[in-house]
Structure formats: structure tokens, C-alpha cells
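Visitor: Protein sequences appear in the order of chains A and B.
First residue of the first sequence: 1, per my numbering; consecutive thereafter.
First residue of the second sequence: 589, per my numbering; consecutive thereafter.
Hints may be right or wrong, so weigh each one.
[What the hints assert, rightly or not] Derived Cβ-Cβ restraints for the label pairs, each shown as a range:
id, chain 1, residue 1, chain 2, residue 2, range
1, B, R817, A, D335, 58 to 66 Å
2, A, E459, B, R768, 29 to 37 Å
3, B, Q738, A, A528, 35 to 43 Å
4, A, G358, B, G978, 33 to 41 Å
5, A, I85, B, A642, 32 to 40 Å
6, B, D1017, A, I85, 58 to 66 Å
If you are wondering where the hints come from, they were derived from the structure by calculation, not from laboratory data.
If you're wondering where the values come from, they're calculated on a predicted model, not measured in any experiment.
The beta-carbon is built from N, C-alpha and C at its ideal position, and this holds for glycine as well.
Single-letter residue listing:
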Amino acid sequence: MKLRSVLFLALMLPFCEAPAGAQEEALAPAASWIPEDAIFALEVLRPAPLLELLCGERTCARVTSLPAYRRNEGTKEFQDFLGLIKLLEAKLGTDWRGALARLTSGGWTFALCPGGAALLIIDGSDADMLQSLHEVLLGIARAEAEKQGEAERVSSSDYAGVTCWTFDGQGAHALIGSRLVLASSQAALRAALDLQAGDGAATLATVPPFQAARLAALQDAAACLYLDLARLRRAPRVQRALEESRQKPLAALLLAGISEALRDSSWLAGALRLEQDTLVLDVTLCETERDPEDPAAFALPATPGDGALPNLGLPRRVAALSLYRDLARFYAAKDDLFPERTSELIFFENMMGIFFTGRELTGEVLAQARPTMRLVVAEQEYDPAIGTPLVQLPAFAAVFELSEPEEFAEVMEEAWQKALGLINFTRGQQALPGLIIDRVDHGDTRMTVAYFSSAGAEERARLHQRYNFRPALARRGEHLILSSAEGLARDLLDALGRDAREAPLPGADTLLELDGGQLASLLEANHATLVEQNMVEKGHTMDEAEAEVSTVIALARLVERLELCAGSVQGAARFRAAARLDLAAPAR
Amino acid sequence: MVHRTPPCRAPEVAPAPASPEQAWLPYQPGDGRPWNLGVAAHLLRRAGFGAGRARLGQALEAGPQGTIDALLRPEADTAAFDRAFDEHEGRAAETGGEAALRSWWLRRMLETPHPLQEKMTVFWLERAAADGARAGEARVLLEHVRLLRQHALGDPRTLLASLLRDPAMLLGHGGEAGRRSRPNERLARHLLENVTLGPGNFSPEDVHEAARALTGGFVQGGRYAFVPREHDAGVKRILGREGNFSGDDLAGILCEQPAAAESLARALYRWLVADEDEPERALLAPLAEAFVREHDFGQLVETVLRSNLFFSARAYRRKIKSPLEYALGLILALEGMVSTTELAQDLAALGQELFRPPSARGWAGGRRWIDEATLARRHNLAADLLRGAGRYGDRLDPYEVARRHGCEREDSAARFLVDLLLQGDADLDAGALLQAAQEAGGNPAATLRAFARALARVPEYQLA
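For reference, chain A alone in the conformation it holds in the complex (with noise of 0.2 Å):
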């Protein structure tokens, strides 16, 4: 609640009067104000470039053509919105993007401090606009303050030579020339004076780490972002994710390195950067020495130019991952990773068991592939002569590099059927249809398939969704692919076929994509049934349903791509997010 306050009070920044010059004093920089213990902080140096991406007329083209904006543009709160922001526009003599960019044109710096206090500190170029602009809120609020009988929840009060306002008897806020500080609470916005009245206590801007990351971003970023990991493990809800993290030998697997940095590294330093359309966040975890033969270790790439194969271009593809991870190290080292036997693990060694009868798990199939592992998910295109599904479920697959391909193919063959077999020998336990195994030919690679008929299927276009699986078992020469459908497993065979083996990324355990415009595509080909879920799980209206869906699948849309790479370089843990956000494609 304080926190809205304060964001809100923020959003309401752009609406004040037009300056009658500006009188600006030196002030120590933003994060003096922020004491040293803050868990979290975030600069935003130069903000005209960010302010031009999530703010400029391609970006609100996008925004004010999504469903749920216009479904919302008719309602009378959106209605008064709007007026109250064209009547301070007519008042300003300003649009609301050029009041924006003059209040916060020194930039903004949030802070979130031990015990929830949160402070927001916004830099302008215009200490009358923002003088102005306060006057307009003030009289809003006490308007509504004394509509309610509660006229005297907006007070003020003097400290250290400052004036502090509330607004709501709980956040506080104060203006400092053209510096505008906003807080949770009154405590908060007392002990930023203090600070910056230098009571000799340390500040934020006096932390290492924060320093670090403030110099890199002052290069060439738009923002920096710091978070102080010794004091966020320190909550509970963070240290039980963490400890479940590390129980679960699936999450365990596929996170392996992320959580560790994060479960030994004391903080945490990101800056963000805008090229063209695409948000770049590069974060550095502080050094922490990682034991090549600690248990856990089973991600660290071998040698130095080690590391996550790019992931394989395919047709459809809506995301990819490509791992790093010695599968036989992982499971030897198991029970010093899950000193307890959870049930997945148990029923994994029993499947296991049954599918690899008399091989030993470990040294015989699981050394069997080689660290660099690709997952990919893909939509799929379904066969006129067998129909499409209801719901329509993306296809997945998996491809492994085989170690000795020519001796293990037939172990892999026998211990696929024998999978097929188990799957169709439960399915007939509950009167279910089961898979038919066929081999087909894809160029000169012979693949397994397993199908289920669609003889005397009534309604091609409405297919159960058993179809969406046809599932395949294909290698082509050191590549091994399990897929759950036929054509993913053909796809990958020309994939692999087409590009020569690419160099790994050195230092990089994990590399994530994921494709904005496939997703979406995936999620409209499901509309009906989407909007038909989210009917009977929250309650809409058809309508409100169709928003809310076609918002996501729009806002997918906006995401071009995204790709998230984890790694480490010299002993630091390294993770990059890039999105690039498709600004320029029109609305749908």
C-alpha cells in the first residue's frame, strides 16, 4: 500500500504547471540519500532513451491497441483518466511526455531497505514544474482527504530544515529543489535526510559493489541495479526457494550454477542497456570460487572454451535450451546432492532400471551422453490426413551427443520400445488407445515412430488431444533426438544435417530463447480454449476473458525474443537477458 503511494505519486509526476525557471542547487547524488544496508537499488542514469522505448509513439501505439486497454478505455474511471490528464495538459501547455522527460531528466533511483521501507528518489530539471506539480496533487488530495472526513490525513511537517508531506497519514514525501524524494513511511524519508545532512552513517554510494556497478553502467548504460544477496538470503521465503531448489534433483539439474551463485555470492550487480529495440541486462555475481570437484560442479564446463552448444534454428520454434551438464557426474554424486530419497528420484532409477535392464546407470548409459544437451519446444503443423487436435500442444524434444553412437543406438532402441510398451500396457488397463510402432525413413536415417490411429476419428478438426503426440526415437551420427512428435524429430534431423557442429560458448552452463511471435502463434492457434479457462478460473465474462488473452498473446507478440544465458567467466558468475521487443509490427 505505502509502496503505491509512492509509485503513484510518481505516475503523477508529468502534470504541473509550465516552469517559471528553474533554481537548482547541487545536490550529493541520489544514492547518498540510500543507507548502506539497502537490499535492493536501481538507477536509472540516463533516462531518455528508456523513457523514449516505454513511452514514445510506437510504444503507445502498441499499448493503446492492445484488448484489454481498449476494453478499459470505455469505462468511466478511464474516462476521468483521461480527462484529468488532457485538463493538465491544456493547463501545462505541455504534452505529458515533455513534462516527463523535464521531471525526471536527472534521473530516478529506487531503493528497498531492511523492514519493507521503500524510497524513490527523482531527479529533474525543473524545481518550479515540480513545485507546481505538488501544489496540483496537494489540492487533489486534500479534496478527497476531506470528501472522506479524513482532512487531516495530509499534513506536513518540518524536519531538518525540509519540509515532509503525506498525503495518506503513511507514505512521505519531500521536494529539495528539483529533487523529489518519496518514501514508504515517514521514518524512511527522516532517515534520507539525515543522510544527506551527512550524519556521518555510511550510504549506499559508499558500498563496493554498488560502486562497481554504478562505474560499469556509467559507460555506455541506461541503468544499473544492485542487490545485496547476503541480506535477501536472510529472509525466509528466500531461503526456503533456495533449500527446494537444491531438494529437487529435476530443479536442481536444469538450475545448476544459477542457484549456487545465488546461494554464495554476497551480491549481485546488473546494467542495462538499450541497443536499437533490444533490452540488454548484463549481471555479475561477485567472485566466488567454484570447486571443480565439489558435487555440484556437475554444470562447470571442463575447460575453459567449454561450455552450451548454441541452440539449433528450426522451423516453428517457440523456445530452445541448451544446456551443459555431465549427466553421469550429477546422478554419482546424488546422494551427496539429496541426502534424502525423494520419490521422483525413486521412481526414476526404477524406470530406469526397467528401460536399461543389467546396464549400470551411471558409467553405462548415462556417460553415454556427453555434457552439451539442447532441449527444444516447437509448434507444431498437423497432418491434413489425420486432422488437427482441440487443443493444440507444442512439441518437445530433446538431443543428446552420444559418447560411442554406434554402440549405444541399440541399447537406446530396445530401452525406447520398451517405454512405448509400458505407456501402451497402462493405457490398456484403462480401456485407453495405445501407440502403434513403426519404423519410417527420413532421408538415410531410419527412425522409430509410434502413432495413434485415427481410423474412425469423427471430427478431424476436433482431435483429442492424445494426437498432439506421435512420439520419435531418430539419431543421426552422434546426435541422438527423443521428440514427442514425428515432424520435430524430422525438423531436427535436417537441422543437424544442414549445420555443421558450432562452436560452444565458452564459459556458458545454460543459454534460454525464446521466440515472442511463435508463442503467440501457439497461443491464438488455443484461443478458444484459453478464453474458455480463464472463464471458469477467474470468474470472467467472455469478454473479459477475450481481453485478458489477447493481451497476453499481445504482449507475446511484443517480445520478439527473449534469451537469457548463464554462465561464469573467471570464477564470476555471469547471467545476460536480452529482449528484443517488436515495437514497429502492427497490432493484431
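Please build the complex by placing chain B on the supplied structure of chain A, with the hints as guidance.
Guide: Showing chain B alone in chain A's frame:
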């Protein structure tokens, strides 16, 4: 500033009819036979799941018999509604399974223009008591409900014959393989004991012979198939009748039995009139006789709903709301729509998971709906529905509803809610409740939410 609301009045209803003949005569409001908000709400609770203020107003305007006419034969386009919901449910069954189907059925109950049909569909669901866990596919359950809905107010002989070819019914009672060499007595016993005749009205031989009549029926790939070579074509003796009976014949024989007529009349009495008192045989006799004569269940329902007995003190607030009635009643009264996915889970926690009856006897109902644990859960459910945030979000807003009906001030909105939810039946100090709600609230919307939560906890609100 707290404005004290006047003390709540005692319910005004007609006294219980003196004789069985008078009991089933149509109710005509008049001296000592009121037609007021309480009685109208009573009708809409029993013949549906409750109603909002506007619907109550329509009922007051139309009078009891006019309202019952509309309940039996709605003016709204029920066919269009059914088509749309059949489509939703069909897709839900294919994509989300039993849970999704349950969510959509609850949604249907909340939006249907024909609440009586849906209420009677639940009646038959309880009697059929097919275990959904054995159905395999949600499509099978969907067909089961459609069948029950189609015949809910029709000829029970047709319903029973259809149920004997219904995969959900057969699977739910272990009757999916009706082999001649091993007739399924479990399904046959259920038909005789729980669906039609009632305990003590048949012999073990009747069960065995009925099972023989059912042989030949199989469920294959979720569909019913009759395999002639597996049907026992020999002569069977069932309830004094002799012949080469099939499942259809069995349905006819069972429905002709006076015991079946009385058993169904008793069940209908418990469903629509009162679930704790034991009706005298003489009281039920006219209903049972009409059933044997006409085999029209819809007519039976109509007779009960139109009767003096139904509108008398013998019926008024004489049923304990099932979790379904409790939750849907609150939602309908507050003119909102919530997540029925969440609601289905909460109803299951309260003991009423649709498609999952606790036994072949269905849900025991009545007083068994409420014990210390389930009462606390009911209160929690009301609190969750009215919290304004969390799992159910802010979809129910009592203050907004009150304002919509012209009650802007907190005290008038509180009075509106008392009338809407309790029709003044509870002996409660609404002023004190409102004051407590104001202390917990903070703004009118929060205050009225807290007030509505308090009303939903009142003992009288647990009664239908």
C-alpha cells in the same frame, strides 16, 4: 456514524396444512398465506440455487404460481444457452478433464435460465451416484450429466432405461462387462435399493434376476455396446413378473412398483420440502399415486412446488443447505461471478465433489452437511468469496450491489443485505454487526464485505 437497523422480524409463512389433501393443493396467497420476500426467496432457493434482488423482485411481482410457471417453462432462450454451454463443456471435457467439466457445470448452474432443470439434474446425479473416478474419460461424465439433464423433469422410465445404457453409470457401479456367465449384482442392487425401490422392498433373488436382465451391456472405448451373445435370454422372475426381460424391461418393471413411486416421492420431499422430518405415508400417497398413474416426474415436481405444503412452515427454512446451495446462493445473491475452478475445489473440501459421491448412496445430506469442521470451512469459504482479494479476487462486491439497488449509505446497504440474504429471518442485531464490520472495514466496500461475511455465518443462513 452508526445507524442502528431495526431488529429483525420473525418469518411470516403459512402454517402447515392440516390434511394431505390440503397439503398438495395449489398455494394461493391470502389471509395468513403471505407472498413476501422471504417466501419468494424460499421458492427460488428450492427450485434453483437462489437469486439476486432483481429476480426476487420479479418473483414478488409475478406471484407464486406465475413464478413457478416461469421456473418450469422459462421464457429465455434456453436452447441457445444450452448450445453455448454444451460447446464449452464439450471442449472442457476434452481438454481439462473431470475438473474442468466440474468447473463448467458450476458455471452453468450460476448462469442457467432454467435453474429448476439444473437443480433436478443434481437430484438425479445424487441418486445415480456413479463414481466418476471409474469413468476414465471426462467425456463419459459429460454424457452422463447431459442424460440426467435431458430427463430430469421427464419420464423416469426413459431416464432409467437410458441410465442402463450410460457408460458412466455402468463404469461407476462396476457394470462395464455384463457377461452372461457372471451377472453384475452390484449395479442391479444399486438400481433397486438406491435409485428406485428403496431398502426392504426387494429380495436377493430379485437382485440376481435383475442382474441377468442387464447382461449383454458392455462399455467399450467409453461407449455403450450391446453384445447379444452375452445377454442372458432365459426367463427371469423380477418382483413377481416373469419373462425374458432386458434392461429396458427392467426399467419399466421397477418404475411400475408402488414402492418405487413412494421412494421417489419421499426423495423428492426431502429434496424440495424438508430433509429432516419423516413424511407420513398418507402425505406422500397422492404423489406416489400420481407417479404410478402418469410417470411424469416434472408433473410431480410441479405439484410439490405449487403446493400449500411447500409454502408452509413445514418447509420454510427446513432444509440444511448443501455446500453447493450455500456457495451458489451467496454468489447469485451478490450478482457476481467467481472462479468456479476454485469453487469446485472448495466444495470438494466441504464434502460435495460433483461426480465423486462418497458411496453408492450418494451424499447423505441434511444434518450431515454440517459438523464442527465443515461449519468452519463454510465460514472460511464465505470469507474467501467476500475478501475482495486472493483466490476469488474482488468479483463479489456487496456494497456495489446495494448501490445498484439504490442503497448508497452504509446503514441502508446493510439493511439491503439483511433482506437479501436472510429476509429478516434471523434474530440478529444488525446494528452491532454493522458496527463490528465498520471497525474491521475502513471504507464502505470493505465494511459491507465484512458485514456480508457476518451474515453468511448466521445459523439461519445455513438453512435453505
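Visitor: Against this structure, judge whether each hint is valid.
Guide: Structure-based check of all given hints:
For R817 (chain B) and D335 (chain A), the hinted distance range of 58 to 66 Å is satisfied, since their beta carbons lie about 59 Å from each other. Checked against the hint of 29 to 37 Å, the pair E459 (chain A) and R768 (chain B) passes, with Cβ atoms roughly 35 Å apart. With their beta carbons about 25 Å apart, Q738 (chain B) and A528 (chain A) fall outside the hinted range of 35 to 43 Å. At roughly 54 Å, the beta carbons of G358 (chain A) and G978 (chain B) sit outside the given window of 33 to 41 Å.
The beta-carbon spacing between I85 (chain A) and A642 (chain B), approximately 37 Å, falls within the hinted interval of 32 to 40 Å. A C-beta distance of roughly 48 Å is found between D1017 (chain B) and I85 (chain A), which places it outside the suggested range of 58 to 66 Å.
This entry does not satisfy hints 3, 4 and 6, going by the numbered hints stated previously.
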